[in-house]
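Just so we're aligned: the sequence shown equals residues 0 to 294 in numbering that gives the first Met the number 0.
Everything labelled a hint here was simulated from the structure, so no lab data went into it.
None of these values were measured; they are calculated from a predicted model.
Heads up, a few of these hints could be off.
To be verified - With beta-carbon atoms standing in for the labels, derived distance ranges: (1) S225 <-> E265: 40 to 46 Å; (2) Q85 <-> H291: 38 to 44 Å; (3) K150 <-> Q230: 43 to 49 Å; (4) Q211 <-> E282: 15 to 21 Å; (5) R118 <-> S290: 29 to 35 Å; (6) T229 <-> D199: 16 to 22 Å; (7) P125 <-> W89: 37 to 43 Å; (8) E158 <-> Q210: 26 to 32 Å; (9) W89 <-> E282: 25 to 31 Å; (10) E265 <-> T207: 21 to 27 Å.
What the hints assert, rightly or not - With a straight-line Cα cutoff of 20 Å, these simulated SDA-like cross-link-like pairs (lysine to any residue) come out: (11) K149 <-> G261; (12) K149 <-> E159; (13) K149 <-> D138; (14) K148 <-> D67; (15) K148 <-> L285; (16) K150 <-> D138; (17) K150 <-> G261; (18) K150 <-> P51; (19) K149 <-> A54; (20) K148 <-> A121; (21) K148 <-> Y168.
For glycine and all other residues, C-beta sits at the position ideal for the given N, C-alpha and C.
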Amino acid sequence: MITLKSSPDSGNESKENDSNAVCVDYPLRVETQESSGPLTVPLTNFFHAGFPKSATTWFHRCLMEHPDVCVPQNDAVHFLTIHHDQGDDWYRSLFTSYCGQPIVGDTTPTYAAFDWSRRRMAEYNPEARILLTLRNPIDRAFSHYWHMKKKRRYAERFEESLENKVDLYQWFIALGFYGHHLSDLYRYFPRDQVLVLLYDDILADRITFCQQVFRFLGVDASFVPSCVNTQVNTASRFRPGVTQRLCRLFSRRTEMNEYQRGMLPETRRRLQTIFRPDVEQLEGLLGRDLSHWLN
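Please construct the entire structure, taking both the sequences and the accompanying hints into account.
Laid out in structure tokens, this is it:
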């Protein structure tokens, strides 16, 4: 268990409002009108820990609206992975909207993907609740590839990227071995602290998906976020200049045609063979029929 450092005594003036709880810019301490002393922000007690390209950014926006949930302004803060050496004060300074909400959450969709990050979640807070959203691993891999390609990380076709680079196999393929990741996660967290839903569930009924998660967290499940029926486009955060946009117009149209055509049938068949044993393991863990992922 990580030991939290005490908050500094200066530079954190509270801002009064009409509610009982008063937000502060640096959220390690909060004064309330009913309490006689400072309220320390609790440990993060909820992790939306997986997986990339499974509507995690959309659901982060939904969580931001819930009055009983506090999450950082941005999703995917990667504290337990990339930024762990920044320390607890840095991490907790990200929760700028904290006003005493019972749920303090972190939506970083790679925490469940590695043994060492799964272990860090348990070391940080063994009582935390864990949410996983799982997308068809073949479609997830293809979507992740295009997400990376749009950022101009590389120029290979999808099929070439699977053959040529070990690290890309790790990101596109190994992230989708959900059966392995989940069975290992259960070594660190009891099953009643883990909720596993499907990307298919979001497509079927977004409101029901939100209600399931809110009930799991013990917060008001009747709350409906205003953004629940919107499509979050993370790529829209980057706005290149006019010249850059014009220069990229033709290549983007070409890429869009390639994306809409999808992966080659033989590539899909190959990935179905790769993922089949893990999908069957996952079916046993969840008690859900996932055969449509392999068709």
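Status of the hints after comparison with the structure:
1. Distance hint check: the CB atoms of S225 and E265 are about 44 Å apart, consistent with the given range 40 to 46 Å.
2. Remark: the range hint 38 to 44 Å for Q85 to H291 is upheld by a beta-carbon distance near 41 Å.
3. Between K150 and Q230 the beta carbon distance is about 19 Å. The supplied range of 43 to 49 Å is therefore violated.
4. A hinted range of 15 to 21 Å holds for the C-beta pair Q211 and E282, which are about 20 Å apart.
5. Taking 29 to 35 Å as the suggested C-beta distance range, the pair R118 and S290 conforms, at roughly 32 Å.
6. As the Cβ distance of T229 to D199 is approximately 19 Å, the hint placing it in 16 to 22 Å holds.
7. Between P125 and W89 the Cβ separation comes to about 22 Å, which falls outside the hinted range of 37 to 43 Å.
8. At about 40 Å, the beta-carbon gap between E158 and Q210 misses the expected band of 26 to 32 Å.
9. For the pair W89 and E282, the beta carbons lie near 40 Å from each other, so the given range of 25 to 31 Å is not met.
10. Judged by the Cβ atoms, the range 21 to 27 Å given for E265 and T207 is violated: they are separated by roughly 37 Å.
11. Between K149 and G261 the alpha-carbon distance is near 15 Å, which keeps this suggested pair within the 20 Å criterion.
12. Proposed proximity of K149 and E159 is supported: the alpha carbons are some 16 Å apart, at most 20 Å.
13. With a CA separation close to 17 Å, the supplied pair K149 and D138 stays within the 20 Å bound.
14. Of the pairs offered as hints, the one joining K148 and D67 is violated, with about 37 Å between alpha carbons and a cut-off of 20 Å exceeded.
15. A threshold of 20 Å between alpha carbons decides the hint, and for K148 with L285 the separation of about 33 Å lies outside it, so the pair is violated.
16. The suggested pairing of K150 with D138 holds, with an alpha-carbon distance near 19 Å, which does not exceed 20 Å.
17. Pair hint K150 plus G261 holds up; C-alpha atoms about 19 Å apart against a cutoff of 20 Å.
18. Restraint check for K150 and P51: the C-alpha separation of about 15 Å stays at or below 20 Å, so the hint holds.
19. In summary, the hint linking K149 to A54 is supported, as the alpha carbons are separated by about 18 Å, within the 20 Å threshold.
20. The suggested pairing of K148 with A121 is violated, with an alpha-carbon distance near 33 Å, which exceeds 20 Å.
21. With a C-alpha separation of about 14 Å, the suggested pairing of K148 with Y168 holds against the 20 Å cut-off.
The structure is inconsistent with the numbered hints 3, 7, 8, 9, 10, 14, 15, 20, although it conforms to all the rest.
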